[in-house]
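Enquirer: Here the protein sequences come in this chain order: A and B. Start counting at 1 in the first sequence, then tack on 6, and there's your number in the numbering used here. Start counting at 1 in the second sequence, then tack on 6, and there's your number in the numbering used here.
To be clear, the hints were calculated from the coordinates, so they are not data collected in a lab. Just so it is clear, the structure is predicted and the values come from calculations on it, not from any experiment. Watch out, some of these pointers could steer you wrong.
Quick list of simulated restraints, FRET-style, between CB atoms [what the hints assert, rightly or not]:
#1 Asp185(A) <-> Glu95(B): 48 to 56 angstroms
#2 Gly129(B) <-> Ala22(A): 32 to 40 angstroms
#3 Gly58(A) <-> Glu353(B): 28 to 36 angstroms
#4 Asp238(A) <-> Asp315(B): 54 to 62 angstroms
#5 Pro87(B) <-> Asp238(A): 41 to 49 angstroms
#6 Gly58(B) <-> Asp185(A): 52 to 60 angstroms
#7 Met318(B) <-> Pro396(A): 58 to 66 angstroms
#8 Lys378(B) <-> Gly81(A): 48 to 56 angstroms
We put the CB at the ideal spot given by N, CA and C, even for glycine.
Chain by chain, the residues:
There are 2 protein chains.
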Amino acid sequence: MAPIPYAELSSDELKAIRKELKKEYRAYQSQDLRLDMSRGKPSLDQLDLSMGLMQVLADGEDLTCEDGTDCRNYGVLDGIPEAKELLAEMGEVSPDEVIIYGNSSLNVMYDTISRSYTHGVMGSTPWCKLPHVKWLCPVPGYDRHFAITEYFGIEMINIPMTPNGPDMDLVEKLCAEDDAIKGIWCVPKYSNPQGYTYSDETVRRFARLEPAARDFRIYWDNAYNVHHLDFDHPDILLEILDECRKAGHPDLVYKFMSTSKIGFPGSGIACICTSPNNLVDIKRQLRVQTIGHDKVNQLRNVRYFKNIDGIMEHMKLHAQCLRPRFEIIEKTLHEGLDGLDIGEWTEPKGGYFISFNSMNGCAKDIVSRMKKAGVVMTPAGATYPNGKDPHDSNIRIAPSFPPLDDLALASKIFCCCVKLSASKKILMDRGDY
Amino acid sequence: MAPIPYAELSSDELKAIRKELKKEYRAYQSQDLRLDMSRGKPSLDQLDLSMGLMQVLADGEDLTCEDGTDCRNYGVLDGIPEAKELLAEMGEVSPDEVIIYGNSSLNVMYDTISRSYTHGVMGSTPWCKLPHVKWLCPVPGYDRHFAITEYFGIEMINIPMTPNGPDMDLVEKLCAEDDAIKGIWCVPKYSNPQGYTYSDETVRRFARLEPAARDFRIYWDNAYNVHHLDFDHPDILLEILDECRKAGHPDLVYKFMSTSKIGFPGSGIACICTSPNNLVDIKRQLRVQTIGHDKVNQLRNVRYFKNIDGIMEHMKLHAQCLRPRFEIIEKTLHEGLDGLDIGEWTEPKGGYFISFNSMNGCAKDIVSRMKKAGVVMTPAGATYPNGKDPHDSNIRIAPSFPPLDDLALASKIFCCCVKLSASKKILMDRGDY
């Protein structure tokens, strides 16, 4: 028998269903579970794949760069040449367009906004001297992005996401008419949390943007560039620096990447890729901030991954860890929710997340029910600026960390919570609860 | 025959000496030298001592912390417990007073000033909203410190250094009367460039400071805490956090340290040590800036050095590399300049530098002559804010990097340049040049 949408059931039928669901829920609770689906952390089997990173500079290995630089000593502000080459290959840019940083691209993004706030962008007025700074935030999006702009008191404007990327009509309109808008957060490939990849048309419209503010920059966080789940059918993203150059706007974009979700999270190397003008501007500050980042770790990453082929081989092994985790969740969601019309979700071909939309007004309730059953999710609302989801419907599911069995169980519990929450909502809306 | 001070020689005698000196100088020039005494970089033999750092996490070593944290994965904002313990031991503070950062204490200092500029200190007005911010700079001092305050447009006020530390009468007076003064740069042990260590009285007067600005902080860059040249007779520095607490000013100081000049420069771990109130204030920002610093590298440092005893044994080996380098320079300076009254220099018991003071108006000329003879020195003026030495007399000598033979030769050339410059100056002052 095909499932019937909850909204088409009578209140008595819904109440009967809720009775069964509550029994099921109490059974989960009695298991005293401690599961965590909150963050995009790699699993232990995935981490084990990178243990060779610890070996590659051991046994008296020479720590000298190709250009003769001794990586052990001070010096080299913007990264050793072979690290620039590796990340340039990964980002499909020229090594001349790259600065290698420390262990965290999030830190690079923070520092980039902080520098713009204290010193402006290529000679513009420092943002701290302006009465008001605004930012475009495709939603749902990445909570740590929003936390940075929030911290600097920047007003965030929600931009709806579509499977092709942000609503570009709105982006173009707002950018053109308001010079207080200084940037936009983008995760253009396997977006966090939906797993969407921006279409060619979206990328080209970004490259052609004519913002009123000359210090407007696109913050292009290409965190999941090589993070395919299916290497036979990967998403393809147009290279943005190249498109901006072609459109006559070479300075419009900062592209961020790292090896954090390739090797060990927190022990990788991060970078910014951007135009020569932007690089000059950035280095003027960078040389005051540091003598240089960790060159030994740069060398470690290069000696281990070697080149883009080495990275891709490695990422295929990652996919073997990640794909079954996505599949078990998607399978369980289909089994539990298909046909009920109480939730929908994305089925990404890469990245670290699934985006789930419940009925409006149910997300907080679902996450709270999950917590009481021993499963920690990303807080509801986290995918929106200031933690405020106007529909209270989006939930980020992070399948990467838990073992498969835990994920199977957690997804079943999730279906139970979604159904409990939706049935309650429908009954309340009818005045029948 | 005892040497006669240049000023007591007749102009003809000086001219005769200059003829010989020029011959000597041309002989050096003809050797086509490429020597570098500009920066406090460890020598290759010193770097070789730390190669074990590359071994200690190899061979399948478990990368789990004592508290069960997997160092390979995301998490832990302020450092793994054992890294806090190690640096707390080194800094004579409690692990609770420590945040572990990335590879560079300079970067931590930059970020600390940047945060104060954008967000204030423990609730104070952000410095970017103030009409004017000032800073106290003991001189001569560290060029990279001054570069940070200069970058943020902060007015720097010179404070004369003495062998006991900064002129505290002046520090106390200025701090008390001007609430635009927000901080002071200190290298309290084996200071850069003199190698002075602040006396107990100086440390206590710092702890008792009553600055007009409640967001005033002492920036205590304890870069050379364990960097003795003579482990039988090390300088002793009072612990400043403890003194501040005793004086009823627990929040007055930020102490910075790192393992950069213990293991590999640029690949160490840095930290800030400060009061609980300051730590809360800092972490409020830090958790926006990053998910966490490189825990694997923290573990690497801990597994290799183990504890303060391990660090001290290691630093004794460093001293064996560094001491002969200081000695050859000091010996050559004595042989070349004693009794001539044209220069004086410090003879530190630790750290990385010797401070040389020429006759007024000669430092730039000496460094320029050195360069033309193939020896790069730290630029004259670099030890003063904005690169302006009001006496044009201070030169920082960095003996740590070159091999002994090179240092012997470079010091001879240095004596020759000092004598050429001084004799010219005296003759010009007499109108006899």
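Enquirer: Hint numbers the structure violates, sorted upward?
Expert: 2, 3, 8
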